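Each chain, letter by letter, is given below.
2 protein chains.
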Amino acid sequence: MKTHIITIGDEILIGQITNTNASFIGQLFVSNSLSVNSTSVISDDEDAILNEFERTFSQNDVVITTGGLGPTHDDVTLKCIVKFFDTELIENEEVLNKIKNILEKRNKELTDTNKKQALVPKISKPIENTKGTAPGVWIEKDGKVFIALPGVPREMKAMMEDTVVPKLLEKFPPEFVTKQLTLLTTGVPESFLYDDIKSIDGIIEKGKLAFLPSVFGVRIRITATEENEAKAEEKIFEVEQKIRAKIGRYIYGKNEQTLEEVIGKLLKDRGLSIAVAESCTGGLISSRITNVSGSSAYFQRGLITYSNGAKVELLGIDEDSLEQHGAVSLEVARQMAEGVKAVSGTDIGLAVTGIMGPTGATENKPVGLVYIGLCDDKVCTAKEFRFGNERLVNKDRTSQAALEMLRRNLLGISYDK
Amino acid sequence: MKTHIITIGDEILIGQITNTNASFIGQLFVSNSLSVNSTSVISDDEDAILNEFERTFSQNDVVITTGGLGPTHDDVTLKCIVKFFDTELIENEEVLNKIKNILEKRNKELTDTNKKQALVPKISKPIENTKGTAPGVWIEKDGKVFIALPGVPREMKAMMEDTVVPKLLEKFPPEFVTKQLTLLTTGVPESFLYDDIKSIDGIIEKGKLAFLPSVFGVRIRITATEENEAKAEEKIFEVEQKIRAKIGRYIYGKNEQTLEEVIGKLLKDRGLSIAVAESCTGGLISSRITNVSGSSAYFQRGLITYSNGAKVELLGIDEDSLEQHGAVSLEVARQMAEGVKAVSGTDIGLAVTGIMGPTGATENKPVGLVYIGLCDDKVCTAKEFRFGNERLVNKDRTSQAALEMLRRNLLGISYDK
Numbered sequence: 001m002k003t004h005i006i007t008i009g010d011e012i013l014i015g016q017i018t019n020t021n022a023s024f025i026g027q028l029f030v031s032n033s034l035s036v037n038s039t040s041v042i043s044d045d046e047d048a049i050l051n052e053f054e055r056t057f058s059q060n061d062v063v064i065t066t067g068g069l070g071p072t073h074d075d076v077t078l079k080c081i082v083k084f085f086d087t088e089l090i091e092n093e094e095v096l097n098k099i100k101n102i103l104e105k106r107n108k109e110l111t112d113t114n115k116k117q118a119l120v121p122k123i124s125k126p127i128e129n130t131k132g133t134a135p136g137v138w139i140e141k142d143g144k145v146f147i148a149l150p151g152v153p154r155e156m157k158a159m160m161e162d163t164v165v166p167k168l169l170e171k172f173p174p175e176f177v178t179k180q181l182t183l184l185t186t187g188v189p190e191s192f193l194y195d196d197i198k199s200i201d202g203i204i205e206k207g208k209l210a211f212l213p214s215v216f217g218v219r220i221r222i223t224a225t226e227e228n229e230a231k232a233e234e235k236i237f238e239v240e241q242k243i244r245a246k247i248g249r250y251i252y253g254k255n256e257q258t259l260e261e262v263i264g265k266l267l268k269d270r271g272l273s274i275a276v277a278e279s280c281t282g283g284l285i286s287s288r289i290t291n292v293s294g295s296s297a298y299f300q301r302g303l304i305t306y307s308n309g310a311k312v313e314l315l316g317i318d319e320d321s322l323e324q325h326g327a328v329s330l331e332v333a334r335q336m337a338e339g340v341k342a343v344s345g346t347d348i349g350l351a352v353t354g355i356m357g358p359t360g361a362t363e364n365k366p367v368g369l370v371y372i373g374l375c376d377d378k379v380c381t382a383k384e385f386r387f388g389n390e391r392l393v394n395k396d397r398t399s400q401a402a403l404e405m406l407r408r409n410l411l412g413i414s415y416d417k
Numbered sequence: 001m002k003t004h005i006i007t008i009g010d011e012i013l014i015g016q017i018t019n020t021n022a023s024f025i026g027q028l029f030v031s032n033s034l035s036v037n038s039t040s041v042i043s044d045d046e047d048a049i050l051n052e053f054e055r056t057f058s059q060n061d062v063v064i065t066t067g068g069l070g071p072t073h074d075d076v077t078l079k080c081i082v083k084f085f086d087t088e089l090i091e092n093e094e095v096l097n098k099i100k101n102i103l104e105k106r107n108k109e110l111t112d113t114n115k116k117q118a119l120v121p122k123i124s125k126p127i128e129n130t131k132g133t134a135p136g137v138w139i140e141k142d143g144k145v146f147i148a149l150p151g152v153p154r155e156m157k158a159m160m161e162d163t164v165v166p167k168l169l170e171k172f173p174p175e176f177v178t179k180q181l182t183l184l185t186t187g188v189p190e191s192f193l194y195d196d197i198k199s200i201d202g203i204i205e206k207g208k209l210a211f212l213p214s215v216f217g218v219r220i221r222i223t224a225t226e227e228n229e230a231k232a233e234e235k236i237f238e239v240e241q242k243i244r245a246k247i248g249r250y251i252y253g254k255n256e257q258t259l260e261e262v263i264g265k266l267l268k269d270r271g272l273s274i275a276v277a278e279s280c281t282g283g284l285i286s287s288r289i290t291n292v293s294g295s296s297a298y299f300q301r302g303l304i305t306y307s308n309g310a311k312v313e314l315l316g317i318d319e320d321s322l323e324q325h326g327a328v329s330l331e332v333a334r335q336m337a338e339g340v341k342a343v344s345g346t347d348i349g350l351a352v353t354g355i356m357g358p359t360g361a362t363e364n365k366p367v368g369l370v371y372i373g374l375c376d377d378k379v380c381t382a383k384e385f386r387f388g389n390e391r392l393v394n395k396d397r398t399s400q401a402a403l404e405m406l407r408r409n410l411l412g413i414s415y416d417k
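Chains as they are written, first to last, in the working numbering: chain A, 1 to 417; chain B, 1 to 417.
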């Protein structure tokens, strides 16, 4: 089954939004042993859309379009479907009743714009939209399938999961099973990981490996395609074990896990509580920790001591140290971690102070200089990091380094890279 | 000049990363009156790459590829360029010397992998990479241009800005000037905005309008293409004024502005200081406020009072209120705003409390229930909001609503929608 995804919308071509819909479909397909062979983005322009329908429907078994199904004037997908399949739009009673029900609940009247949303191509089966009003379109022709979905992510996602993927799996049962595993590392450069992993005998041939760097670290993706699930999983497992044996200390998790989930589980399992003091990250570390549902079990409080006054008042930082070393220093980072642990009565105190830029640098302290402090019942320490010039990237990297420092501390791994 | 962008990489097809490179090029092109006509994503597969080179180079004046230029085994773009243009790879001395210099500075030795990065197609001009080692590729043939850039965003971006766009503008001077303006709204539904704007006489025909909803609000994009800059700007201005006259109160900014920048400027201009108390958002509001460089001028501190104990201890919330109304209540939100203002000695206190889900709901308090409190020297108030079921979306929407409540308070606009 060869699949192409067309994303329709000028807003994506001009870069106003990124194409997260295609990413979502790609992920969902892989996890169902289906594959996306190619994707494209085209303008809200009738000729461009018709040409792309022509080209991709002739070269693929399945074409999925997202976007352009809405009720505003810039949405032209339905019009193009009618032309391409030489059909017409008819009112679908079921869809119209559903729209009426939704509006009734919201105490709103049925407008012409709403009515338009109940029109579907005659030769299609509507795909139910459980999260919105406009239905999707499912058309079968010459053994191929054409699917049109709305561009609103949560509507599209529900329709893909509830209807499209189950129907595609029924129509095109996968011959081979593809399994993937992504190992998540942070705090170590790609070249170092690549050279280390490359040196494992036969590893590059064994599993299809890919190295994916980002500001949060390098992800290592292992892919195996085999005749059955057991074989694919066996291959993945073998490669995973070899990689872990070599660079396991840098791997904090796998697949969709986040570092905050990983440290959350470690803290919860050990019954430890934490408090965070942030200067340069301005709340980002606490926000990430509390992205995890149930984090109230271990996250006690966060103190964003942006001003020196707040550092002294809330954390008891000694004014002489501020004077002598400056707010961005190893000594103050350590005192902040110690202070937040003490005032909160938690098992662990984590603290960051740094210069995120673009302003704030001094002769000896460049933009990107960060100190992270960490205190528990055994140690009270701080470490220097040097990041780059971009403020928001520096915030992300600082938050990741702080959480990784916490993870390594909890697992007794030294922070050497 | 017709342009197509090819992004090469399985990691994008399977949705492991989203295609931000294509978005960046789209934005950069629009701001230079160039346009991207279509984009595609294909696999790291030689046949797929060669087919896509063939198809797109025959249909466009300019083809830009990103990705697959790196030194690892899964990078095959250069190999395909050599085949497609029937050329060969030669060592470029200038590039090799640059790589040697970079490595020397980092105290590292030249490896075979590094050497490979100095190979360029014979018929190409290398594009200098100021942020990394691998150069880009610029090939002219039959009046058309083929450009290959690395996939690493900051390397690709620098090369696009410093070399590619200037050279393209010289080779293909734009005939028409395109200008765009995006107005940013929040706290009001798309259908309401659309119906209101649609009612402005002739507005839909005057400027090309697009409505782009997201969790942060609805963006309204105005596009004008005219024979010169003045005419395009005049048209944009006319449409902008008409839209502002109708729904101006909901517009917080334009183009790339963020709500935190807007409130930052308002606070700074008026010499006001702010402190934030967060429960359910866990630091996200403070983190957003401090995303703005120079925010230390008005942001004094943030208190993330996740536990009830922290609310009482740090904000002086009255225990009876917590008992009687619960931590997620209008009364506690108001007290939190009042408390954080008092303990911080700032002009404004902003506070949120709510249930982000998926757990934590009670019979009367569903997931998505949020209270936002705001106190300044004149008023001390709180407001109820009801969001959805997704934890991270709820955090984003809560942070946006809190900042918008602050904006409207600073400008004396009531929060009615």
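In short, the hints are calculated from the structure, not lab data. All values reported here derive from a predicted model rather than from experimental measurement. Fair warning: there could be bad hints in the mix.
It does not matter which identical chain is meant; a pair holds if it fits inside one copy or across any two.
Unchecked claim - Once the Cα atoms are required to be at most 27 Å apart in a straight line, the calculated BS3-like pairs of lysine-lysine come out as:
| no. | residue 1 | residue 2 |
| --- | --- | --- |
| 1 | Lys105 | Lys198 |
| 2 | Lys79 | Lys2 |
| 3 | Lys116 | Lys100 |
| 4 | Lys2 | Lys83 |
| 5 | Lys2 | Lys365 |
- [ ] Check each numbered hint from earlier against the structure, then list the numbers of those it violates in ascending order.
- [x] Those not satisfied come down to hint 5.
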